[in-house]
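*Asks:* So the chains spell out like this:
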Amino acid sequence: MLKSMSVVREAIDADVGDEPDGAMAESEARQAASGRKVLPIVEGLVLLAALIAPLVLQDYLTVFATRVIILALFALSFDLVWGYAGIMSFGQALFFGSAGYGVALLARDLDITNIFLVLPAGTIIGLTFALLLGGFLLLGRHPSSVIFVALGTLTGSYAADRLARGWYYLGGQNGIPSISPMTLGGYEFSEGPVFYYLTLGILVVVYLLCRFLVRSQFGLALAGLRENEQRIAFFGYKAQHLKAIVFAVGGTIAGLAGSLYAFHEGFVWPNMVGVVVSTQVVLYVLFGGSGTLIGAVIGTVIIEGVSFWLSDNYRDIWPIILGVLLLLVILFRPLGLISFVLAERERVGSFGAKPKENEKEKRNAAS
Amino acid sequence: MANAFVAAFEILSFGAIIVLIVLGLGIIASMMGIFNFAQGEFVLLGAYITYLAYSHGLPIWAGMVAAPFAVGALGFVLEGLIIRRFYAAPIVAMLGTYALGLIIRESVRGLIGGFYLTVPEPIGGSIDIGTVHISTWRFIIIVITLLVMGACYLLLSRTSFGLRVRATLENPALARASGISTPLIYGATFAFGAALAGLAGALIVPVFSLFADLGIRFLIQGFVAVMVGGVGSFIGPVAGAGVIGTLSAALPWVMAPVIADVLVFVLAIAFIKFRPQGLIAGKGV
Chain H
1 MLKSMSVVRE AIDADVGDEP DGAMAESEAR QAASGRKVLP IVEGLVLLAA
51 LIAPLVLQDY LTVFATRVII LALFALSFDL VWGYAGIMSF GQALFFGSAG
101 YGVALLARDL DITNIFLVLP AGTIIGLTFA LLLGGFLLLG RHPSSVIFVA
151 LGTLTGSYAA DRLARGWYYL GGQNGIPSIS PMTLGGYEFS EGPVFYYLTL
201 GILVVVYLLC RFLVRSQFGL ALAGLRENEQ RIAFFGYKAQ HLKAIVFAVG
251 GTIAGLAGSL YAFHEGFVWP NMVGVVVSTQ VVLYVLFGGS GTLIGAVIGT
301 VIIEGVSFWL SDNYRDIWPI ILGVLLLLVI LFRPLGLISF VLAERERVGS
351 FGAKPKENEK EKRNAAS
Chain F
1 MANAFVAAFE ILSFGAIIVL IVLGLGIIAS MMGIFNFAQG EFVLLGAYIT
51 YLAYSHGLPI WAGMVAAPFA VGALGFVLEG LIIRRFYAAP IVAMLGTYAL
101 GLIIRESVRG LIGGFYLTVP EPIGGSIDIG TVHISTWRFI IIVITLLVMG
151 ACYLLLSRTS FGLRVRATLE NPALARASGI STPLIYGATF AFGAALAGLA
201 GALIVPVFSL FADLGIRFLI QGFVAVMVGG VGSFIGPVAG AGVIGTLSAA
251 LPWVMAPVIA DVLVFVLAIA FIKFRPQGLI AGKGV
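Going down the list, the protein sequences come from chains H and F.
Residues in the first sequence are numbered consecutively from 1, following UniProt numbering.
Residues in the second sequence are numbered consecutively from 1, following UniProt numbering.
Extracted from the complex, chain H is given alone in its bound form (with noise of 0.2 angstroms):
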């Protein structure tokens, strides 16, 4: 913890320019530019992963991988609230959840199931809640404690799913079950390789424009709100306003990715606004490793595949092993499975950068 701190300090420090660390910053940098990255190539290998996985997969194993990058898309919501802005937001799946059950109803009771209706539709659903909470939550005269957010985040979510649960419009315990198909024109998209490929086309979209917008410099400004945002609040930053932009960018990407699944899975239900799956995801971003969106998703696929692999015959015991293993990775391993094989410099990532070739930088950075 105190190493990244010291490190992002000192992309800041580089950044503004006038300190004398500048220069190890600099060679450090020029170092992690000279072809030891491993992010990039850990990003190929599961793009190539997951474009063949369809090819040699077997049906429904292929329904389960669209259901897992469905998932990943959700954990990047995650990633980038908790990762890049520190925010804990334990209540993640209100947007995932109210997203499902918007389209849904826009499914049952209008009929609309266009794609460029209810995918649109989902992710404002998922953005205006994100607004209205976070805008609460984060907002106002005072700076809200961490404590704060967390818990109210949580009872959000908690007092959601209860409403889900007596709301008889809403289906009650059940939900809303067998949503009709997604539409476009006259196709629709049943579970299968093309839904998968839509799934995982949106997937990357959004992972290059988070990864576009964490490396920009709101990105930089992000991680030094993560890692002292009383020294962000004194460079001038605003930085409530930061964060409550953050948290709704991930609501946003939790209604499209919430959207997704309710037409994928055919129904909602209230476990989707619920604690359940806000902690789960939580599980899947700490595993894997937060503050990188690779990370993200690496944690969801496994968590989901070794959950769906241990289905058959332990189903009753994996919980239980999930729990220590989390405990494990909170313990010895805080910033997840990819740190083996990830570099804390490069986890932080190198933006702004020197001052003798801030231009050049800038655009290696963007790139």
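Derived from the structure by calculation, the hints contain no laboratory data.
Built from N, CA and C at the ideal position, the CB exists for glycine as well.
Among the hints, a few may not be true.
As the list claims (entries may be wrong) - Listed next, the stretches of chain F that the computed footprint assigns to chain H, with coverage defined by at least 3 CB atoms under 8 angstroms from CB atoms of chain H:
hint	stretch
1	211-225
2	256-263
Stated by the list, open to error - Negatives, chain H to chain F, calculated, CB over 12 angstroms:
hint	residue
3	Leu45
4	Val46
5	Ala49
6	Arg108
7	Ile112
8	Arg162
9	Glu188
10	Ile245
11	Asp312
12	Gly323
13	Val324
Start from chain H and add chain F according to the hints.
*Replies:* This is chain F only, laid out in the frame that chain H set:
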């Protein structure tokens, strides 16, 4: 009149249950700044131990007496092994205790299966006042809650152990410098908080029956109560628990239960937002 009396009793008895559960949570949160996500599972363990005693033919009250000691001992061990590493980072502590809770909950689920197991009340029957009947056991829970509250208060305010605890709470560095073993105090306090949760679980299991998600139901209500009451003092969380428990039990009498359920949380979060220090600010007893 009779109806109003029954309503008042229901509200009071639910409020007492929440207070009982929040006591331990509040003591741990105030003392160590940790929101213990495993607290709900300590409640569950207390309930499970009571059920074990009952199913092995022992008297139920024996299980109820054993539960707080067993859960407290477990709390002491867990604090020494794991929780201790989390003090510097409250968010990591939440995740770590969540993982612990997950392990305990799923282990218990594996042991009892997905069933709802009932444990009879050790003292059954009802107290009749004119035409009104109130459950004896619920009445006893109220009495025990009051006794436990009083005992906790006296322990913290009148004994030398309480003095050390308060010293550690207010200024750990100075407490250490004065020769108080703060790690031991932390361990003892955590164990004490866990024991209270175990006692709560043991007492409520005849009312709610035993199932794996018993603890979760109360956990979030407990957190909200602690925040509403104010972290840092003994009396704050108790007051918060009283308010939240009373509201949760009272509102369904005047509006649809679904809306009441959600409204309690919304009101509580809004209250905390505008008064972050809670009902009762400040440290101490």
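*Asks:* Decide, hint by hint, whether the structure agrees.
*Replies:* Going down the list of hints, with the structure as the test:
no., hint, result
1, 211-225, "holds (count 4)"
2, 256-263, "holds (count 4)"
3, Leu45, "28 angstroms, holds"
4, Val46, "25 angstroms, holds"
5, Ala49, "28 angstroms, holds"
6, Arg108, "20 angstroms, holds"
7, Ile112, "27 angstroms, holds"
8, Arg162, "5 angstroms, violated"
9, Glu188, "35 angstroms, holds"
10, Ile245, "19 angstroms, holds"
11, Asp312, "16 angstroms, holds"
12, Gly323, "4 angstroms, violated"
13, Val324, "6 angstroms, violated"
Comparing the model with each earlier hint shows violations of hints 8, 12 and 13; every other hint is respected.
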